[in-house]
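Engineer: Here the protein sequences line up with chains A and B, keeping their order. Each residue of the first sequence is one higher than the last, beginning at 0 in numbering that gives the first Met the number 0. Each residue of the second sequence is one higher than the last, beginning at 0 in numbering that gives the first Met the number 0.
Simulated from the structure, these hints should not be mistaken for laboratory data. Remember, predicted model here, so these are calculated numbers, not experimental data. Heads up, the beta-carbon is just placed ideally off N, CA and C, and yes, glycines get one too. Mixed in with the good hints, there may be bad ones.
[As the list claims (entries may be wrong)] Here are the in silico distance ranges between beta carbons for each label pair:
1) B/Lys38 <-> A/Ala95: 30 to 38 Å
2) A/Ile4 <-> B/His93: 48 to 56 Å
3) B/Arg66 <-> A/Thr131: 37 to 45 Å
4) A/Arg5 <-> B/Gln107: 49 to 57 Å
5) B/Asp37 <-> A/Ser9: 34 to 42 Å
6) A/Leu90 <-> B/Lys38: 31 to 39 Å
[To be verified] Here are the computed lysine-lysine pairs in the DSBU-like style, where the Cα-Cα straight-line distance is at most 30 Å:
7) A/Lys101 <-> B/Lys69
8) A/Lys7 <-> B/Lys38
9) B/Lys94 <-> A/Lys11
10) B/Lys29 <-> A/Lys11
11) A/Lys27 <-> B/Lys82
12) B/Lys6 <-> B/Lys41
13) A/Lys133 <-> B/Lys6
14) B/Lys38 <-> B/Lys6
15) B/Lys68 <-> B/Lys82
16) B/Lys29 <-> A/Lys101
17) A/Lys96 <-> B/Lys94
18) B/Lys1 <-> A/Lys11
19) B/Lys68 <-> B/Lys91
20) A/Lys101 <-> B/Lys1
21) B/Lys94 <-> B/Lys41
22) A/Lys11 <-> B/Lys82
23) B/Lys41 <-> B/Lys29
24) B/Lys94 <-> B/Lys68
25) B/Lys82 <-> A/Lys133
26) B/Lys82 <-> B/Lys6
27) A/Lys27 <-> B/Lys41
28) B/Lys41 <-> A/Lys7
29) A/Lys101 <-> B/Lys38
30) B/Lys38 <-> B/Lys69
31) A/Lys96 <-> B/Lys91
32) B/Lys68 <-> A/Lys96
33) A/Lys133 <-> B/Lys69
[To be verified] Reference listing, derived: stretches of chain B covered by chain A, where coverage requires no fewer than 3 residues with Cβ under 8 Å from a Cβ of chain A:
34) 16–24
35) 47–56
36) 61–68
37) 88–100
As a plain string of letters, each chain reads:
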Amino acid sequence: MNAFIREKLSSKLDAVPVLMARVIDMLKETTFTEDERINVRLALEEAIANAIRHGNRMDAALTVEIIIEVNDTSFTATVRDQGQGFDVASLADPTAKENLMKTSGRGVFLMRQLMDSVDFFDGGRGIRMTKTLKQGG
Amino acid sequence: MKITQEKCNDVTVCNVEGEINITTSTELRKNFDALLRDKVNKVIVDLTAVSYIDSSGLATLIELFQRLKKTGGHMRFTGMSQKIRNIFEITKLHKLFEICDTREAALQNF
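For reference, chain B alone in the conformation it holds in the complex (with noise of 0.2 Å):
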């Protein structure tokens, strides 16, 4: 897995490529955790090159969205493919965050 950040005015673009599964997904809280650390609190997660995703992966996902509830901070995910957005809306996670068609529309109004 790879994961690249650009900031975008007061927002920070996370780019994630690959799988986010049992074994990368540790990869991903830690860059995570660091993004916290810098008191990041937008955050959009751009998933456009995620292959697969585990329960693992969305557990690290939920939990970036926590965090940054307790801060007062917002995340929005855009880039999903229709595989990858089958799981979230088999798991109804698809109302818990907010998804975004484009990463134009993730950056509206944010």
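Pulled out of the complex, with its shape left as it was, chain A reads as follows (with noise of 0.2 Å):
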């Protein structure tokens, strides 16, 4: 299979689910187990949660651009949020004993976990993430 989405959402999180449901649907698509789909689908919303909320810091003016290319072999998502960029080296271990009980910081922790790779650009704006089939076509 082949499938692509390319997506601009203004910087409102109820915009979020109605572009998941399309890449749930394409998900199912594919080969990949239900455990892998929700990996991907967790590290996704993830990164357009940050690009959001972190990234256009919910500034409604400003857009995140998501591309979606799934084949026979991998999954790979783009993320671009409009925002100031972020010093990636600056992110904090969320599995620290002294960083459990803090609320946040687990997004790209999560990222980095659940898929084979993860690659910002562009001052930490943008994020590229690969997750490869196990049993391709």
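Build the complex from these two chains, which are given one at a time in their own frames, with help from the hints.
Structural biologist: Here it is, written out as structure tokens:
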């Protein structure tokens, strides 16, 4: 299969479920296992939520661009906001004892744990993540 | 998401159903706010019917944990599916929270 989504969302969280419903449907057409679909969904939702909340700071005048490509062997998502960017190296380890009680800082960590690759670009405004299908085709 | 509560002696069991995500965690927070207003200090969160949780959902649970702790209260979890437990384990939150396999175990000595 080959599927592609390109969307620009306004920086409102209520815009996310509609897009995610399309992504979930798309993933059902793949050979991802249910657990893999959940992991991909979670990583993507975290990326979009971060772009809206931390990147664009919920400024409705700014948009988040999302590009999703799925084929027989992989799922790739690129999420890009219009904010100020951030220093990826400054992210703390949310699993460190001193950070466990913190109520933020788990999004990027989860993405990295759940996807095969996660790369930032454009000063932290963009993120590209990939998950490779275990049973391609 | 649907949230129902029941009392078992002095313990409030909070049954959560559906997804705890960025759009539903606000509703869960409101529910927890009401619990704390009622001076509840022993809470079991039953996640048997929860199919999905994201970082905002985890944050909402940590908030309740923190607020209960401040007032000398306690919380426990039960009913976690393996999918949900995986997220707690990846984030190491299983080390922070008391997670019980069954509701009976959660109620025991609480």
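Engineer: All hints are to be evaluated individually against the structure, with a verdict given for each.
Structural biologist: Taking the hints in turn, this is what the structure says about them:
no.	hint	verdict
1	B/Lys38 <-> A/Ala95: 30 to 38 Å	33 Å, holds
2	A/Ile4 <-> B/His93: 48 to 56 Å	34 Å, violated
3	B/Arg66 <-> A/Thr131: 37 to 45 Å	41 Å, holds
4	A/Arg5 <-> B/Gln107: 49 to 57 Å	53 Å, holds
5	B/Asp37 <-> A/Ser9: 34 to 42 Å	38 Å, holds
6	A/Leu90 <-> B/Lys38: 31 to 39 Å	38 Å, holds
7	A/Lys101 <-> B/Lys69	15 Å, holds
8	A/Lys7 <-> B/Lys38	44 Å, violated
9	B/Lys94 <-> A/Lys11	33 Å, violated
10	B/Lys29 <-> A/Lys11	20 Å, holds
11	A/Lys27 <-> B/Lys82	18 Å, holds
12	B/Lys6 <-> B/Lys41	10 Å, holds
13	A/Lys133 <-> B/Lys6	46 Å, violated
14	B/Lys38 <-> B/Lys6	13 Å, holds
15	B/Lys68 <-> B/Lys82	27 Å, holds
16	B/Lys29 <-> A/Lys101	19 Å, holds
17	A/Lys96 <-> B/Lys94	9 Å, holds
18	B/Lys1 <-> A/Lys11	23 Å, holds
19	B/Lys68 <-> B/Lys91	19 Å, holds
20	A/Lys101 <-> B/Lys1	26 Å, holds
21	B/Lys94 <-> B/Lys41	19 Å, holds
22	A/Lys11 <-> B/Lys82	28 Å, holds
23	B/Lys41 <-> B/Lys29	17 Å, holds
24	B/Lys94 <-> B/Lys68	16 Å, holds
25	B/Lys82 <-> A/Lys133	19 Å, holds
26	B/Lys82 <-> B/Lys6	27 Å, holds
27	A/Lys27 <-> B/Lys41	40 Å, violated
28	B/Lys41 <-> A/Lys7	44 Å, violated
29	A/Lys101 <-> B/Lys38	23 Å, holds
30	B/Lys38 <-> B/Lys69	12 Å, holds
31	A/Lys96 <-> B/Lys91	9 Å, holds
32	B/Lys68 <-> A/Lys96	17 Å, holds
33	A/Lys133 <-> B/Lys69	46 Å, violated
34	16–24	holds (count 3)
35	47–56	holds (count 4)
36	61–68	holds (count 4)
37	88–100	holds (count 6)
Of the numbered hints given earlier, the model fails hints 2, 8, 9, 13, 27, 28, 33; all others are met.
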